[in-house]
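Protein chains: 4
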Amino acid sequence: MRYALPEGVKCLAALSIEYDAESVEWGFKKSISGADDVGGFATKYGVPNLLGVLKKHGVMATFFIPAWDAERNPDTVRGIAAAGHEIAAHGYVHEDFSRLSEKEEREVFEKAHRILRDITGQTPRGFRSAAYARPISPNTLKIARDMGYIYDSSFLDDDEPYRINIDNAPVRMVEIPWAWVLNDIVWMAPPINYSGMGYVLPQRPPAFVLDVWKEEFDSLYAEVGFFNLVIHPRDIGRFSRLAIIESLLGFIQSYPEVRFATYSEVAEYCLKQA
Amino acid sequence: MRYALPEGVKCLAALSIEYDAESVEWGFKKSISGADDVGGFATKYGVPNLLGVLKKHGVMATFFIPAWDAERNPDTVRGIAAAGHEIAAHGYVHEDFSRLSEKEEREVFEKAHRILRDITGQTPRGFRSAAYARPISPNTLKIARDMGYIYDSSFLDDDEPYRINIDNAPVRMVEIPWAWVLNDIVWMAPPINYSGMGYVLPQRPPAFVLDVWKEEFDSLYAEVGFFNLVIHPRDIGRFSRLAIIESLLGFIQSYPEVRFATYSEVAEYCLKQA
Amino acid sequence: MRYALPEGVKCLAALSIEYDAESVEWGFKKSISGADDVGGFATKYGVPNLLGVLKKHGVMATFFIPAWDAERNPDTVRGIAAAGHEIAAHGYVHEDFSRLSEKEEREVFEKAHRILRDITGQTPRGFRSAAYARPISPNTLKIARDMGYIYDSSFLDDDEPYRINIDNAPVRMVEIPWAWVLNDIVWMAPPINYSGMGYVLPQRPPAFVLDVWKEEFDSLYAEVGFFNLVIHPRDIGRFSRLAIIESLLGFIQSYPEVRFATYSEVAEYCLKQA
Amino acid sequence: MRYALPEGVKCLAALSIEYDAESVEWGFKKSISGADDVGGFATKYGVPNLLGVLKKHGVMATFFIPAWDAERNPDTVRGIAAAGHEIAAHGYVHEDFSRLSEKEEREVFEKAHRILRDITGQTPRGFRSAAYARPISPNTLKIARDMGYIYDSSFLDDDEPYRINIDNAPVRMVEIPWAWVLNDIVWMAPPINYSGMGYVLPQRPPAFVLDVWKEEFDSLYAEVGFFNLVIHPRDIGRFSRLAIIESLLGFIQSYPEVRFATYSEVAEYCLKQA
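Chains as they are written, first to last, in this note's numbering: chain H, 1 to 274; chain R, 1 to 274; chain S, 1 to 274; chain L, 1 to 274.
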């Protein structure tokens, strides 16, 4: 890492969980009604299943949650926070910020923030765009900064955290980038065919995905010192796939001097050195 | 399962077969004429092949059949019913219910119901939407209830049956959800390019698919007690692929205390306890 | 097979080669100019490479050739015919027959027929639609019959030849259907993105494809008695992929009582019994 | 090869690296802002990582660089040139030349040429179209010739270099064609969903890709005497994937009488014999 790692730590490992429930279908199709809708699965099985695995391994994760989903599933969201995980902003209902005015975008940020805080008692400290195939707006990072957030995680342009610049000046906010290869939707999202979206991603068996992620961890441990995984309860939350996460966490914990950290912790390490 | 299983049963296994013949091409392209059309294969090879495997293993399945196909292939449909399998509703010809008025949708339901009943002598007791990439309408579940159906199977939001609510009140109808990973089209449907559809799904060899489904059964047997497979004679009905079903049925039957059940039987187990 | 096989033959094997050169790009994009264009490869490497393999194994194939390509590469087409292979009609330049009047479609058929005959001295005896993603017209089969053709090969609705009906009466023409799983474009066509087309098919290594096709042959040999492969010089004609065809032909020839036959020979066997 | 190889050389191996940074997102979406944007990764990790591997193996590559990216990352581009690699033209910012007038296209060529030359001190000697899914214009080759370029590399119609004809007469320019199977985007580009583009390519593990490319080299070494690989720092530049290039270069160097050559060297060999 460009940033010094904490003493005795050779690699930070961060796990983010995008708890997208029915908001995906509602945001893209204005419909929750039948085939292609796997949002409900996330709530009924995906989140409880993943919380169980995390508890078993003593790992704290960062949950990015669309506030629309939080409003509809407050008990699930409270349960996530009560287990000690970080709650982070993920928009209201999969907005395309590039089509909103700055005022409208600010209102979405504030509304989402308020809902997550009111439900969990936790104040969100960072944001990730939920609109993968669509750009964020020129105002997004400014608004995130004005919300007091200390990190954004919407970019794919690096393998490790870096200081965010706005108008060519560094601000007190860190980018924590992610990579497609370390996002479960590339390997196991169902075929989707919403208007404006057209991802048809081939399903992969669990052992296949586990091997790829182990290779990624191995090289990032050796060369970068930072590992960042993005998963979705709707996709990887099936019983048959939990073994991927179980095995991967065990694999990571078997390496010397690895520390799991939430996104807030990662951001604080970096900002302390800025 | 949330519902108690029958005594001596640790897992219910349900097998649904969507006998979509030329209705797919007609419904989406208004054409049955050459390349991309594999509907006829379902009738000539797919259904007879699958009926043979089911008979060999003594398994009763639930056949969802577009009534348009039933009208054109009444002998095949009668043969399915005569072999003791369940006949269930699957629309007339791949309607997009979200674009029909409630009246039009009711007429489709009634017409499809009447055709299946008149051909087979069996009264359909449940429904699955045939329009995977398109939402069902806000009226669909109400109409299914009014038809006297005891189950719907159009949703992907759970791993086991649950009671359906309409206007926030439970009705005498159970949802029997399915999952993409347990649907053969994800693994072996040909590339299709109809207007409004664009699935291009990579072909998988039989051994690959069998391994994935065995893993799914294994975890669902242990954790949920319910297993639900969706297959299509046009896709999995090739001689080279029948071995998947042969092997899977044998694999499932080798587990202690598994019972195969039709969708009606599953719905009745659940409703008895409601 | 529904038709009796020749004495001493347990399985007929037919190999069709679609020699689509630049006509693909011209037909769909009106352009032959750079990326996405692999038509030229078919002429320079694909056809010579495949002719070599066929000669080595003593197998005669049926070449479906767009006449537009034949006009531009007459020596290649003459070489194919001179080696004893069958020349069959494949349209002029990837027409969408469903958009032509009957008169226009007839003119295309006659023009393509004349060009292939004039170049090779061989009279085409059958046809396959070159417009995979688009339907043939209601007139196509009638026109093919009027051309004196004894087979069509545009449908995917069966695993073996069947007699064609026009206006509910059998005509002296056989359908020789094909299947996606036995078409090389499913396994190794490059990503294409023409308007009106959008196939993005994952590339497969040769050993993978060979295994799938061997399994197909094995089951069709045992259960149907007919095997029909569709390949393209532009796709499978690379040196690295010829081994698929080499190995497959050897594998097929190792089975007892297999006979390779051209499409005309297949059609004649069937019509003799009608 | 049709051209005689240098004495003592049985196979030429050429490696081209398309250093597409944010120009991809800007050219197709007019946006560099979040998800789907991996351009920055190419600059921060991809190029340095690949330069390290090339140095270790003593291989000189040809870098095709959109001038828009060069303007934004001049130090990276200077570093590439300083390490002895060839700098080649790749347009300004992923133009669709088929939509430009000849005058506009000439201006793009001249501007891109000037920028690359001014930054690196190296004069580009060849060009590859950066608009994979879109045709080049009827003027492109003429303009490339007028720029004094000795090669183009935009076509996929052959397995080895050939002399370019313009208006049916050979010019002093060689086509160095490439093949999809030897382009890393087929195996590991992330899902992209830009308007006008829709490639969704399945991710492959490194060992899978290495095996395919070894097989390709093996057959091209034996049969053609020319091997040409196309890679992208944004895709193959991850630490976990560098091993593909490391292993492949070692594999190639283990063959007798192989010589790595830049595209200019390849073109000069050929033109010397014309």
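It should be emphasised that the hints constitute simulated quantities derived from the structure, not laboratory data. Only a predicted model underlies this, so the values are computations on that prediction, with no experimental measurement involved. There's no promise every hint is true.
No farther apart than 20 Å at their CA atoms in a straight line, the calculated lysine to any residue pairs in the SDA-like style are these [claimed, not checked]:
| no. | chain 1 | residue 1 | chain 2 | residue 2 |
| --- | --- | --- | --- | --- |
| 1 | H | 214 | L | 210 |
| 2 | L | 10 | S | 205 |
| 3 | R | 214 | H | 239 |
| 4 | L | 214 | S | 202 |
| 5 | S | 214 | R | 242 |
| 6 | H | 56 | R | 219 |
| 7 | L | 56 | H | 219 |
| 8 | R | 214 | H | 242 |
| 9 | L | 214 | S | 210 |
| 10 | S | 214 | R | 56 |
| 11 | S | 56 | L | 223 |
| 12 | R | 214 | H | 103 |
| 13 | L | 142 | L | 114 |
| 14 | H | 56 | R | 222 |
| 15 | R | 10 | H | 103 |
| 16 | S | 214 | R | 202 |
| 17 | L | 214 | S | 205 |
| 18 | H | 103 | H | 145 |
| 19 | R | 214 | H | 202 |
| 20 | H | 214 | L | 142 |
| 21 | S | 55 | L | 207 |
| 22 | R | 56 | S | 223 |
| 23 | S | 214 | R | 10 |
| 24 | R | 55 | S | 223 |
| 25 | R | 56 | S | 210 |
| 26 | R | 214 | H | 207 |
Against the structure, the hints:
Taken as a hint, the residue 214 of chain H and residue 210 of chain L pair is honoured in the structure, with Cα atoms around 18 Å apart against an allowance of 20 Å. In summary, the hint linking residue 10 of chain L to residue 205 of chain S is not supported, as the alpha carbons are separated by about 25 Å, beyond the 20 Å threshold. With a C-alpha separation of about 13 Å, the suggested pair residue 214 of chain R and residue 239 of chain H falls inside the 20 Å cut-off, and the hint holds. Restraint check: the Cα-Cα separation between residue 214 of chain L and residue 202 of chain S comes to about 18 Å, which is no more than 20 Å; the hinted pair holds.
A distance of roughly 15 Å separates the Cα atoms of residue 214 of chain S and residue 242 of chain R; the hinted pair therefore holds under the 20 Å criterion. The suggested pairing of residue 56 of chain H with residue 219 of chain R holds, with an alpha-carbon distance near 18 Å, which does not exceed 20 Å. With a C-alpha separation of about 18 Å, the suggested pair residue 56 of chain L and residue 219 of chain H falls inside the 20 Å cut-off, and the hint holds. Using a Cα cut-off of 20 Å, the hinted pair residue 214 of chain R and residue 242 of chain H holds, with the two alpha carbons roughly 15 Å apart.
A threshold of 20 Å between alpha carbons decides the hint, and for residue 214 of chain L with residue 210 of chain S the separation of about 18 Å falls inside it, so the pair holds. Between residue 214 of chain S and residue 56 of chain R, the direct Cα distance comes to roughly 26 Å. Violation of the 20 Å bound is thereby established for this hinted pair. Between the alpha carbons of residue 56 of chain S and residue 223 of chain L the distance comes to roughly 17 Å, so the proposed pair stays at or under 20 Å and holds. In summary, the hint linking residue 214 of chain R to residue 103 of chain H is not supported, as the alpha carbons are separated by about 52 Å, beyond the 20 Å threshold.
Restraint check: the Cα-Cα separation between residue 142 of chain L and residue 114 of chain L comes to about 18 Å, which is no more than 20 Å; the hinted pair holds. As the CA atoms of residue 56 of chain H and residue 222 of chain R are separated by approximately 18 Å, the hinted pair is consistent with the 20 Å bound. Restraint check for residue 10 of chain R and residue 103 of chain H: the C-alpha separation of about 56 Å exceeds 20 Å, so the hint is violated. Only pairs whose Cα atoms come within 20 Å are accepted, and residue 214 of chain S paired with residue 202 of chain R is accepted, the gap being roughly 18 Å.
Distance check on the hinted pair: residue 214 of chain L and residue 205 of chain S sit about 11 Å apart at the alpha-carbon level, within 20 Å; holds. Distance hint between residue 103 of chain H and residue 145 of chain H is fulfilled; the C-alpha atoms sit about 15 Å from each other, no more than 20 Å. Between residue 214 of chain R and residue 202 of chain H, the direct Cα distance comes to roughly 18 Å. Compliance with the 20 Å bound is thereby established for this hinted pair. With a C-alpha separation of about 50 Å, the suggested pair residue 214 of chain H and residue 142 of chain L falls outside the 20 Å cut-off, and the hint is violated.
Annotation: proposed proximity of residue 55 of chain S to residue 207 of chain L is violated, straight-line Cα distance about 35 Å (limit 20 Å). Straight-line distance between C-alpha atoms of residue 56 of chain R and residue 223 of chain S comes to about 17 Å, which keeps the hinted pair within the 20 Å bound. A distance of roughly 39 Å separates the Cα atoms of residue 214 of chain S and residue 10 of chain R; the hinted pair therefore is violated under the 20 Å criterion. Note on residue 55 of chain R and residue 223 of chain S: the hinted pairing holds, with a Cα-Cα distance of about 18 Å set against a maximum of 20 Å.
In summary, the hint linking residue 56 of chain R to residue 210 of chain S is not supported, as the alpha carbons are separated by about 30 Å, beyond the 20 Å threshold. The hinted pair formed by residue 214 of chain R and residue 207 of chain H meets the criterion: a straight-line CA distance of about 13 Å does not exceed 20 Å.
Hint compliance for this structure: hints 2, 10, 12, 15, 20, 21, 23, 25 are broken, all remaining hints hold.
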